[in-house]
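Same order as they appear, the protein sequences are chains A and B.
Heads up, the numbering used here is the position in the first sequence plus 24, with the first residue counted as 1.
Heads up, the numbering used here is the position in the second sequence plus 24, with the first residue counted as 1.
These are calculated hints, taken from the structure and not from any lab test.
Quantities reported herein were computed from a predicted structural model and do not represent experimental measurements.
Incorrect hints may have been included.
Incomplete in silico selection of chain A near chain B, CB under 8 Å [to be verified]:
no. : residue
1   : Thr322
2   : Tyr491
3   : Arg493
Beta carbons are placed, not taken as given, at the ideal position from N, Cα and C, and that holds for glycine.
Number of protein chains: 2
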Amino acid sequence: MLLPIALLVLVAQAQAAEPFVGFSPEAALKQREIEARFDAALDPNDQRAWMKEMTAAPNHVSSPHNKANAEAILAQFQSWGWDAHIETFQVLYPTPVEVQVEMVAPTQATAHLRENNFTEGPDAAVLKDALPAYNVFSGDGDVTADVVYVNYGMPDDYKELERRGIDVRGKVVLARYGGGWRGLKPKLAAEHGAVACLIYSDPRDDGYFVGNSYPNDANRPLDGLQRGSVNDITLYSGDPLTPGAGAVKSAKRLAIKDVKTLPRIPVLPIAYRDAQPMLEALTGPVAPPGWRGALPFTYHIGPGPTKVHVKVQSEWSLKDVHNVIAMMPGSEAPDEWVIRGNHHDAWVMGAHDPFSGHGAMMAEAKAIGALVKQGLHPHRTIVYASWDAEEPGLLGSVEWVETHADELKQKAVVYINSDTNGRGLLNVDGTQALQRMVNEVAEAVKDPQTNASVGERKRAKQRADGYARRAAGIAGTTADRAAERIITVRPMGSGSDYTPFAQHLGIAALDLGFSGENDLGGVYHSSYDTYDTFTKFGDPDFKYGIALAQVAGRAILRTANAERLPFAFGDQADGIGRYLDEVKRLTDARRALAEDLGQLLDDKAFELAADPLRQVGPPQRDDHVPYINLSPLENAVARLRRAGAAFDRAIAGTTLVPGQTAMMNVLLKDAEQLLTDTRGLPNRSWYTHMIFAPGLFAGYGAKTLPGLREAIEEHQYADADKYAVIIAARVEAYAERLERATAVATATKPGN
Amino acid sequence: MLLPIALLVLVAQAQAAEPFVGFSPEAALKQREIEARFDAALDPNDQRAWMKEMTAAPNHVSSPHNKANAEAILAQFQSWGWDAHIETFQVLYPTPVEVQVEMVAPTQATAHLRENNFTEGPDAAVLKDALPAYNVFSGDGDVTADVVYVNYGMPDDYKELERRGIDVRGKVVLARYGGGWRGLKPKLAAEHGAVACLIYSDPRDDGYFVGNSYPNDANRPLDGLQRGSVNDITLYSGDPLTPGAGAVKSAKRLAIKDVKTLPRIPVLPIAYRDAQPMLEALTGPVAPPGWRGALPFTYHIGPGPTKVHVKVQSEWSLKDVHNVIAMMPGSEAPDEWVIRGNHHDAWVMGAHDPFSGHGAMMAEAKAIGALVKQGLHPHRTIVYASWDAEEPGLLGSVEWVETHADELKQKAVVYINSDTNGRGLLNVDGTQALQRMVNEVAEAVKDPQTNASVGERKRAKQRADGYARRAAGIAGTTADRAAERIITVRPMGSGSDYTPFAQHLGIAALDLGFSGENDLGGVYHSSYDTYDTFTKFGDPDFKYGIALAQVAGRAILRTANAERLPFAFGDQADGIGRYLDEVKRLTDARRALAEDLGQLLDDKAFELAADPLRQVGPPQRDDHVPYINLSPLENAVARLRRAGAAFDRAIAGTTLVPGQTAMMNVLLKDAEQLLTDTRGLPNRSWYTHMIFAPGLFAGYGAKTLPGLREAIEEHQYADADKYAVIIAARVEAYAERLERATAVATATKPGN
């Protein structure tokens with residue numbers, strides 16, 4: 025297999041001095057030996073046994089088996105030689121006392137809020153301790169009202185309703201899962217005046233339309249339910265009562281009524297077998313084409329005559345959550361921490377989510393323990409964390425990070441996360457300062473299904489997908505094509521435990537996982553996410569569990585052992601430059617479109633064009649989109665491009681003396697934090713990272729340069745000008761740090 | 025309502041000398057008076073009564089009621105003062121003796137080949153004389169074999185099958201309607217070795233997914249069947265036994281076995297109620313996303329275990345077809361014929377198809393008869409034709425055109441067609457030499473549902489649609505945006521009776537109809553296409569029947585009465601120029617894609633990218649796409665642009681003397697024929713028009729510059745170079761004719 029040219033150049037550059045980033049040739053030789061021993065200690069049967077044991081009963085927060093898992097994980101870490109303990113927090117975690125959904129008109133039916141395996145088959149015995157399906161943090165309430173179908177319940181869907189003159193005030197909205205983060209559905213429903221929100225799984229999105237249903241494959245069956253959290257994690261994550269502070273016993277807590285992240289209306293998930301009669305009975309306009317799912321009838325919007333009764337009553341006490349924290353002290357830089365985490369709580373048993381990733385993490389910890397027993401201590405301190413209460417909103421990790429924020433800002437150099445894992449391709453989100461290391465690691469690990477490396481396979485997939493897009497007539501930019509030939513570290517949204525590290529504190533972070541060849545999307549957050557399902561349809565031989573351990577383990581060990589911290593900055597500069605280009609294109613496109621729209625509205629073109637018998641009103645007039653002063657940011661990005669290139673040139677072709685390395689590490693270890701601004705993003709100061717954040721209206725999806733981009737998207741143009749300046753200042757500070765690091769390196773560069 | 029600037033300029037230019045194209049100010053005044061009287065003679069109750077009478081029984085070719093209709097139409101024309109007769113031809117028209125579809129494994133079921141109204145409700149009595157659903161010209165045969173689902177059964181679908189290693193040899197293919205012309209489905213199936221072809225109507229395409237089903241609306245119900253012809257009209261249209269010659273009694277006929285346009289395998293349409301168990305039982309790979317319809321299960325490809333028995337046995341004798349031809353002699357230029365046509369045969373009763381358009385045509389004929397009785401004779405001869413046997417492949421019109429080809433080439437100046445008609449927007453296909461007239465006529469007719477003109481409403485719709493595309497991120501060219509502000513006459517494909525005029529002889533032609541706001545797509549070619557359906561869901565008050573009569577009647581009367589024939593050529597030059605630009609972009613895009621693909625194949629990127637458990641092979645390597653010598657065509661188009669602009673300038677701002685007008689009309693009346701080449705298109709010499717044709721793999725869909733474009737699409741690059749020269753010669757000849765006409769006009773232009 026030939027390496028693509030771009031990568032050859034990159035590798036050749038680095039090889040001059042560094043066989044891989046951060047390592048001298050001698051250190052790299054030793055590191056390769058360590059990694060070979062690390063690999064030898066990985067056994068898929070370990071992961072199989074752990075998954076089997078840990079998924080033997082329901083693992084929701086505060087369940088007995090979840091606590092037992094934490095204790096078992098603790099014991100394992102200790103047995104492998106780690107200095108481990110359980111760190112407990114007290115968080116708000118409501119559990120359902122009564123949940124009920126009934127269709128009361130035009131026919132009567134009671135929704136099942138439990139899958140069939142609660143009562144049938146081998147899982148029934150252990151599922152008697154499981155909770156009914158619910159959306160944690162749903163508002164309490166008891167309402168009966170007509171139903172309106174709102175598609176995915178996203179902002180554009182409400183615009184479509186408005187164009188049809190349909191109001192959801194006083195109604196129950198029925199939304200389908202997908203199209204955006206579930207927590208936005210009740211939030212937007214409540215903002216539009218709905219009194220309750222039901223979320224169902226349409227077979228179009230994760231059921232029979234996609235592929236064979238469970239138990240023939242892992243697509244959602246008619247009784248499958250998607251549980252999940254609906255508190256507004258785009259404002260802040262973690263315990264709703266203690267934003268910004270650790271939820272220790274003595275913490276000052278908000279009153280529940282003062283919490284801004286909690287939905288104000290009841291919200292419950294239902295299966296399509298129960299949504300089907302509700303949808304089929306709706307009248308009113310035919311739903312727009314993009315709203316139609318795979319159920320066998322014409323989708324209508326309503327309102328009514330379908331009427332439902334929805335009741336949610338929860339028990340709102342504090343619950344204990346148990347993080348397992350394990351440390352392996354560094355031999356040379358004990359105060360530089362390389363942190364690795366994966367959660368262990370689940371919605372029900374949780375084979376895929378979280379134990380597919382958690383097993384890989386434990387395998388790494390066991391292998392690192394074995395290395396240490398062989399005398400191969402890490403240079404830096406390694407911290408492994410098994411988080412509790414990720415599912416209800418990253419509660420375990422956030423409270424730990426908030427509690428230890430000062431120490432982490434001092435000591436944490438990298439956080440590496442995983443969550444679900446399975447067959448397929450390596451996907452990486454995070455800081456592009458680590459992109460070079462990621463690419464090097466991906467070259468070093470074999471894909472379990474082919475003779476290629478993980479990196480080769482990923483690049484082949486990116487190129488094949490790019491070709492398919494171009495064959496379909498979707499042109500990409502030159503930068504898009506170049507990006508196909510490298511593993512691009514993608515910006516972080518949210519939805520797993522990297523968020524407090526990366527986006528609250530500004531720790532350089534990565535989120536790693538394999539996926540794409542059967543992601544068990546149809547058993548996601550359901551009682552069918554079991555060991556049997558995973559070993560039939562997910563990663564039957566835990567080969568990708570091994571691959572993830574090899575990738576994440578290498579990333580951890582290289583970061584822990586590198587002489588110079590393994591950052592490179594040309595990729596980071598390119599990435600931020602691309603984000604800025606996107607914002608510019610976005611602004612120009614919106615401006616042209618707004619003008620276009622204005623003219624059409626002036627000419628009453630939409631009224632004339634509309635079918636008078638199927639009246640759809642015109643789109644809302646867009647504000648005039650002003651020109652934003654992006655020059656501060658353009659200048660900052662230009663400086664960063666120069667500084668990143670200079671840094672990468674400086675570390676290529678030279679060998680540093682130890683004193684230089686130490687000086688550089690001081691400058692590099694917290695450089696990512698310079699990209700944060702303590703004022704945070706508009707109206708959500710908890711999110712301080714200026715390069716990426718979960719989108720306000722994208723939920724788990726990432727927005728880059730969010731202070732600027734969302735200001736434009738939401739017509740807050742004053743914020744746009746303001747954040748262009750704020751982001752520019754952070755990029756300048758970051759570039760200045762790189763310039764200083766480069767100066768250290770070039771001070772003695774041969775020939776300078 | 026303000027006119028857009030582009031149109032104001034255009035109208036202003038023309039008004040200098042011509043209030044509308046071809047008319048002096050004095051003649052235009054008189055013409056306006058004629059059109060006002062014409063409008064006054066139109067009565068929607070006529071159209072209602074004609075539709076009710078003509079749809080009272082099945083109207084397939086050779087049925088008694090179809091013949092009775094022809095006689096009734098003849099009598100009407102005669103009563104209105106037309107010189108009318110029935111002209112009969114003897115054509116091959118097979119009728120079913122035995123048609124049968126049975127699922128024989130894994131379960132047994134017999135397909136219904138009749139809709140439920142054959143046996144239930146008020147239509148049952150007359151439907152006892154209807155034929156069962158069939159695809160006319162199906163091969164005879166009796167086969168039993170495993171089923172393979174082939175999506176739409178188009179060329180790309182067979183490529184997908186090949187990538188999955190699935191062979192249809194010896195199998196029955198099950199294709200869904202849509203995605204391309206039905207006749208291609210059995211043709212491609214047979215070419216790939218299938219032994220039979222079933223075509224079903226998926227509710228995704230014209231059933232409940234689209235909107236409420238019949239009888240709640242006009243989308244296809246579970247028992248709805250789409251009949252239709254499957255002979256290969258892309259090679260030639262008309263009677264399969266007499267290509268190029270009129271099927272008169274004495275005609276020399278091919279033996280059936282020598283006919284190249286007939287499918288070699290049995291093919292039948294089925295309803296989704298019968299396709300559903302066949303599809304649901306299929307195993308094999310899950311169908312690709314784009315193949316999945318709206319039935320409530322996972323679509324698989326097969327082959328098997330579904331096995332079906334298919335039998336077709338037809339009676340292959342010659343049948344009489346009866347065209348009604350009515351003439352109104354011209355007072356000044358009796359040897360210049362303006363022809364108008366619409367067919368009267370139907371698959372079953374045929375309210376929408378064909379009587380919605382046919383009624384408008386009759387209304388025009390009645391009104392013209394009334395004008396003549398008032399002494400307002402047309403200057404040119406007007407011919408109205410009610411065609412038989414359009415449904416089995418334009419048999420009535422083609423045989424008439426072939427019989428009278430020499431006379432038509434001498435005398436026919438314009439042919440104007442209609443077929444189905446309903447609520448919505450005016451759509452016009454044809455020669456762009458008539459685009460200016462079309463726009464003028466559309467300004468003069470009121471849209472029945474708004475206060476706007478038909479033209480204003482159409483332009484508003486084009487602009488609103490363009491905005492929606494741009495809002496979805498699909499950028500168009502500047503030419504696309506300009507085109508939104510004018511009614512663009514679109515290139516002709518096929519599927520109605522304009523084909524022999526426009527594409528076989530090169531008569532300037534238009535196809536007119538209103539559509540878009542409930543096209544009754546789900547009753548198309550079914551026994552539910554009834555008077556009741558049409559008056560409930562189609563055009564309840566025949567308002568658009570009136571509007572069509574107003575548009576088509578004006579086009580006929582203006583062409584008949586214009587002093588100078590109402591052509592303008594800047595639009596024609598722009599149109600051909602756009603087609604050439606498209607071909608250039610197509611070629612460049614294919615070349616880039618072929619190179620891209622070659623590299624990916626060399627690198628084995630597709631193998632690496634594919635999921636090993638769901639193996640899909642790589643796409644087929646594309647030939648290297650050579651550079652085509654387009655310069656002859658580019659030079660010809662440049663000359664045409666100059667010539668078209670010069671002509672349009674010459675006729676603006678001047679008044680011709682009668683001798684000049686006569687000289688110009690001699691040059692203009694057959695100019696369109698200069699765009700034909702008697703050698704015809706590659707492997708289909710019957711199609712002689714070099715600017716547009718039905719696509720070889722598009723069926724009813726148009727291909728522009730077809731000799732060139734299809735050569736590139738089908739990798740016949742030698743043909744591409746050859747046809748670039750052939751087309752260039754025709755465009756040069758056409759431009760030269762315009763230059764001569766311009767010279768006539770400018771000879772006495774004031775100030776010249």
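**OP:** Would you pick out the hints that fail for this structure and give their numbers low to high?
**Re:** 3
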